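Engineer: Letter by letter, the chains look like this.
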Amino acid sequence: MAAKLDQGPPNYKEMLPPVILENYGKWKYHEIPRPGVLKHVSETGATMHSVRVASPRLVSIDFVRDLCVIADEYCEGFLRFTTRNNVEFLVGDEAKLNPLLAELEAKGYCVGGTGASISNIIHTQGWVHCHTPATDASGVVKAVMDDLYEYFDSMKLPAKLKMGLACCLNMCGSTHCSDIGIVGVHRTPPRIDHDKIRKGTEIPSLVASCPTGAIRPDPKNKSVIVNNDKCMYCGNCYTMSPAMEIYDAKNDGIAILIGGKVSNARSAPSFSRMVIPFLPNNAPRWPETTKAIRDIIELWIANAHKGERLGEWVERIGWERFFSLSGLPFSDMLIDDYIFARETFRTGAAFKY
Amino acid sequence: MAAKLDQGPPNYKEMLPPVILENYGKWKYHEIPRPGVLKHVSETGATMHSVRVASPRLVSIDFVRDLCVIADEYCEGFLRFTTRNNVEFLVGDEAKLNPLLAELEAKGYCVGGTGASISNIIHTQGWVHCHTPATDASGVVKAVMDDLYEYFDSMKLPAKLKMGLACCLNMCGSTHCSDIGIVGVHRTPPRIDHDKIRKGTEIPSLVASCPTGAIRPDPKNKSVIVNNDKCMYCGNCYTMSPAMEIYDAKNDGIAILIGGKVSNARSAPSFSRMVIPFLPNNAPRWPETTKAIRDIIELWIANAHKGERLGEWVERIGWERFFSLSGLPFSDMLIDDYIFARETFRTGAAFKY
Amino acid sequence: MTEKKTPLLDELEKGKWPSFVTEIKRAAVKSPASAELLQVLERSYAERRGHWKHGGIVGVRGYGGGVIGRYVDEPETYPNIAEFHTVRINQPSGFFYNTKTLRTICDLWEKHGSGLTNMHGSTGDVILLGCKTESIQPIFDDYSEAGFDLGGSGSCLRTTNCCVGPGRCEHACYDTLEACYNITNEFMDELHRPMWPYKSKIKFSGCANDCTGAIARADISVIGTWRDSLRIDQNAIKEYAAEEFPIQSAVVAKCPTHCLTYNKETQELSVVAEDCTRCNHCINLMPKAIQAGKEKGATLLVGGKSTIVQSAFMSSVVVPFMKMEVEDDFEEFKDTVRRIWEWWDENGKTRERIGETIFRLGMGKFLRETEIPPVPQQVFRPRANPYVFWNQEELDQSGTAMDGSEVKNYNK
Amino acid sequence: MTEKKTPLLDELEKGKWPSFVTEIKRAAVKSPASAELLQVLERSYAERRGHWKHGGIVGVRGYGGGVIGRYVDEPETYPNIAEFHTVRINQPSGFFYNTKTLRTICDLWEKHGSGLTNMHGSTGDVILLGCKTESIQPIFDDYSEAGFDLGGSGSCLRTTNCCVGPGRCEHACYDTLEACYNITNEFMDELHRPMWPYKSKIKFSGCANDCTGAIARADISVIGTWRDSLRIDQNAIKEYAAEEFPIQSAVVAKCPTHCLTYNKETQELSVVAEDCTRCNHCINLMPKAIQAGKEKGATLLVGGKSTIVQSAFMSSVVVPFMKMEVEDDFEEFKDTVRRIWEWWDENGKTRERIGETIFRLGMGKFLRETEIPPVPQQVFRPRANPYVFWNQEELDQSGTAMDGSEVKNYNK
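Residue numbers (the UniProt record's numbering), protein chains in the order written: chain E, 1 to 353; chain U, 1 to 353; chain G, 1 to 412; chain C, 1 to 412.
In short, the hints are calculated from the structure, not lab data. All figures in this text were calculated on a predicted structure; none of them were measured in a lab. Mixed in with the good hints there might be a few duds.
[To be verified] Just the calculated beta-carbon pair ranges, DEER-fashion:
| id | chain 1 | residue 1 | chain 2 | residue 2 | range |
| --- | --- | --- | --- | --- | --- |
| 1 | U | Pro217 | C | Gly293 | 56 to 66 Å |
| 2 | E | Asn228 | C | Gly147 | 53 to 63 Å |
| 3 | G | Lys238 | C | Ser249 | 28 to 38 Å |
| 4 | C | Ser270 | U | Asp295 | 26 to 36 Å |
| 5 | E | Leu5 | G | Lys238 | 54 to 64 Å |
| 6 | E | Leu5 | G | Ser249 | 21 to 31 Å |
| 7 | C | Pro7 | U | Pro217 | 42 to 52 Å |
| 8 | C | Lys323 | U | Ala302 | 43 to 53 Å |
| 9 | E | Ala46 | G | Ser249 | 28 to 38 Å |
| 10 | E | Glu343 | G | Glu295 | 31 to 41 Å |
| 11 | E | His305 | G | Lys5 | 47 to 57 Å |
| 12 | C | Lys323 | G | Leu395 | 47 to 57 Å |
| 13 | G | Lys264 | E | Thr44 | 28 to 38 Å |
| 14 | G | Asn391 | C | Gly147 | 54 to 64 Å |
Glycine included, each C-beta is placed from N, C-alpha and C at the ideal position.
Build the full structure now, drawing on both the sequences and the hints.
Structural biologist: Here you go:
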């Protein structure tokens, strides 16, 4: 049995339930009859219910098999996942909706994540499987979502809230454009293992990898020297060479960025902005991080207009007002000093206090 | 008679008419009873009229003496100039206002430049006295203001209109933040006079002066080489060395930028943006330039809300809509490719046609 | 396998949210590797640091990527995860599955790997988390026979991704599922054999809501839109009015361009079509009454990427409107993207994403050399500086530096 | 002096706007230099190019600047303007003059120079346009005796400038005229003896309307503001209402922060003080009814400059609110500016303006080293990238690269 090269992904058409095949491209509108349930109505009059269920993203195959059992019973053997790692059961037969919901509840699945809610946190691998993490991913997400669960299975937020967690400055997973981004940060320069460098690192590539020019060759030692004052701990050098260990258990932790979005609806897509430069890695439940995020969300709930995303609210009231309302300390670390810094400086004399 | 060092400027207090000395810091509000005349009212009930008169900026001492004669007769010997090179006669005695206006009219002075009008064009020296001009300054201003005179001595624009002209890319005189900026542009690389370089140019400084790194030393010739592909004709090298002649009569001309402002009122200060990359130096009256500016102003008049500065109008409708309304050709030359270019790229999928 | 204690991780089995710790424990029942993963993770929780080393090169015959090497830093202590590689399986469009397919994925992974997976990775692949080097080729062979293919890794076209599209969304302005499937198949070689300066991603979103986050995460962002005026069903407007939906305050007043007018008397909503930017706000709020125009397609935006190295870039508009038709096999898209990649391949530096190359060399140069017409939709606003590069061939070159003439001659 | 024809320039004597050509001709009656200027300018109009060469160094005893050298490129043809230098005379605050002073300026310039002047240059000086090298010292001596001093040129504090301020404006939040006079006198050495990386400018505007263009043109921009709430005179509001002034549409609806509410019934205007950004829009439109708060001062912004080299920068907020009191001799301002200059003098490269130095080295470093407190008013929004520089001394340095420890030890 010779493997076929380049056969591409499975054809999605085989993955669509009958109700979708019949109404493909004919959907007219949708409603959210209750949190976690979408009702799509077709031009043909047909309806389909999608039931959205939380996933921890890192799952066992038994978890997936359990999903299959449910999908076979209520959804003619079809289901889908979302870009935010939720599971969606696709119910063509409305009679099966309530039984499905009952079974999900009985089995302890978390139904929610629709409309003005938190829709699962996009996240990375963290200590589970990444080589440059400054924090864990799954554990922080678990702690934060446990704390914010009331905003997953209800729709009482001013608008949808999309969160992302990246375990290092690579900021994988859209944390750079999330309503709330949780980012693992290193804070100390790499420790150089000169033996490892001599054994097999291509020094010119290593030198070139540093965005601030902090690494220079040290021909005498056949190694490199890091100018610690120029280093911003991004870890790009570690990606180029394992000799540049960047993790530092005593000083790694988390930064919080807020106000990003990708949707074009109403306002243009925007980057998340840093409001807390550092919180400690207090495993296993990161209490400082969960509290900081809850405080921000509650401030938003108390002050935003209905329909206003977190970043839209902050932009309306002004970032300076956000800092005075939130009581978060402002420091020079929150002021950009990288390539596009100038655009963030307030080139105007009109502002609030 | 030994000259005194560092005695500083004359004391402004000696330059203030009695009505100002009496009402200094007590002004309550002002009105514009007619174009070119400001009426300031003091908390004390006192009033002062300022009559604003055009100046060509490059003037003879006889012009100044003529002003003095008028100021002596109607203003107790006091007058002032504005940051936009207008002259202001300060009338403390309201009875003298109409006689002053009559005399100004009889002598052919241009009264205007207040409120929703054009308030004189800030400009540079051009061919009269500058060493790097790509166009003349006073001549272009004369041609444009002759053409737009109806908007100087009336207040029928949607809002005030501030124009600036800079005769080269230095963009002296706030053209970078003007409602309409007229900028002299070179379009060809410098011509190197190798003899002159060898005679006295400090080559490292010359090389360092190039913002795009287009100039490199040519040790063999004891001169420099210009990489023409990298040159953006800014003329900074000519400022460092007279051996780098940048003027090019066949290709120099004018670019038009619009939409800038310095005031914080309502919207933040903003840069002017290029809408026409080149118009020829058709001296003595630059008909293409005067027409282009008139067309933009008339489009603004026809479409803006009352009180809306040119840039506020364009930002409201969108620059893409401005181009379709104006019919001005859009080209890649209008797209930024310098340091902060990224911020101008449309990072969103919402736009007009 | 000895039971070892994981008191810190056990804390993460508490609470309402589903627990990844529970999942690892479930996998650990059958997989010694997963059991050791639990141990090393507990240690990370105690020490507050990771224990994974760099990926070495691991792979499959005929492919240049699709597998990410991963090694624990103390192989002697943790022999079962000394090698613990990730396999990327190209997901079906829209993450739709039948249970048979899902079970096949599970069964094969039970046979060869840790039994742990991400459904899905951020880029889109099914991430199979943890296997030995010797298993990689057998894993590929089995999955291949079952109808699956690898995803991308390294300096290649990364696995493409799309939103739910016409499968279950009223907003889809083109068939994102088919586009993703068709175009992925078109670019198999680019996906499986890294040969570019760095990675490149494509994401297909059916409308301006951009549910794949294409503008933030993809080098090539394809966002559904329309060219004509949005369509308003006045009867449906009246129904919203009857239900006391806040048409004026929630929709009209929040329209960013103020192009909508609602007449409360007649209960009619009107639009000034040329002022509308197709931001989708009104459609999102009143899907029963407002829909996209008839002339549908997509906006092509280029250059999105995350933070490292030159800070995050969002994609920016390159082609404001492009037809995305199954009938013509997405021809315009494929042609355009090929030109864009070719330009980047020629001009990009190592580890430089498309957006960074465009930023370094200039959007003007990019547009000229890819033969994409410059239009004002590509920018929020034109340049503020006057630093225009002029095509010298279009100027009068007599007496300029370009013809090598002496300065002295020109002065005459 | 032979009469020569200037047909091109003569075209610029037509039209309604006052003509600089007429002015040069008036000067030419008494000045052979001005007559020759007319000839060389006519030639520029024919050839469409300038004829002026670089400034050589010309100057005055005891001063490092204040005179700009200028030479025509064909001195043989135009001997009277072979040298045609510019003298900068420091103007009085607010460009106010009595006629005696103006006549003195004219008389001395008739004696020594071309009889041509700019009233004023963009920076603020009286620009005396065109004199010979041999005349420079006598010019200075005469003007000095008459009570004038030179302005700045070169890498120094350039001549400061201010708006009309309390002399004739209801908006002035501090005494710009006195501030400009006092502070200019304080920094005479910095103004007259270039010793910095490049030039530095200060402009004083009394309110947010910024009539000197300080934010765009000055390295140090001082813009009047207040700290408490704006003040509304409800009786005056009623008068505006009686005159049918469009309070709602022109003022309230256009308030950028929507902090104003107008009650049409009671004809009362109210403000939510904490939402107001003090942009001056409402005050501009209704000066009889709305005025600034009582706690007045200025915002200090830093870094403004025009285009060459790194493109134009606007100044950005450094100190949101600063008292500007005559009584304390503008102490806080002078102290702060001295620290800023000192930092720039130590860190700036040649021909680098303050704004460029801050941009290159980072606002954080600038604020720390000048001991100016970081506040959110300094930015439109915080950083989007996570590239924070941490003060290593505040971290646990045991086992980091900072203590020179071996990586191996740390792993244990």
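Engineer: So, for every hint listed, does it hold in this structure?
Structural biologist: Hints versus structure:
Checking the proposed 56 to 66 Å range against proline 217 (chain U) and glycine 293 (chain C) shows it holds: the Cβ atoms sit about 59 Å from each other. Range check, asparagine 228 (chain E) to glycine 147 (chain C): about 57 Å between beta-carbon atoms, so the 53 to 63 Å window is met. Between lysine 238 (chain G) and serine 249 (chain C) the CB atoms are about 30 Å apart, so this pair conforms to the stated range of 28 to 38 Å. Checked against the given bound of 26 to 36 Å, the beta carbons of serine 270 (chain C) and aspartate 295 (chain U), roughly 43 Å apart, lie outside it.
Separation of leucine 5 (chain E) from lysine 238 (chain G) is about 58 Å and conforms to the stated range, judged on CB atoms against 54 to 64 Å. At roughly 58 Å, the beta-carbon separation of leucine 5 (chain E) and serine 249 (chain G) lies outside the given 21 to 31 Å, and the hint is violated. As the Cβ distance of proline 7 (chain C) to proline 217 (chain U) is approximately 47 Å, the hint placing it in 42 to 52 Å holds. For lysine 323 (chain C) and alanine 302 (chain U), the hinted distance range of 43 to 53 Å is satisfied, since their beta carbons lie about 47 Å from each other.
For alanine 46 (chain E) and serine 249 (chain G), the Cβ-Cβ distance of about 33 Å falls inside the hinted range of 28 to 38 Å, so the restraint holds. Our hint of 31 to 41 Å for glutamate 343 (chain E) and glutamate 295 (chain G) holds, since their Cβ atoms are close to 35 Å apart. Hint check: histidine 305 (chain E) to lysine 5 (chain G), Cβ distance near 50 Å, so the stated range 47 to 57 Å holds. A C-beta distance of roughly 56 Å is found between lysine 323 (chain C) and leucine 395 (chain G), which places it inside the suggested range of 47 to 57 Å.
Evaluation of the 28 to 38 Å hint for lysine 264 (chain G) and threonine 44 (chain E) yields a pass: the beta carbon distance comes to about 34 Å. With their beta carbons about 56 Å apart, asparagine 391 (chain G) and glycine 147 (chain C) fall inside the hinted range of 54 to 64 Å.
The structure fails hints 4 and 6 (numbered hints given earlier, in ascending order).
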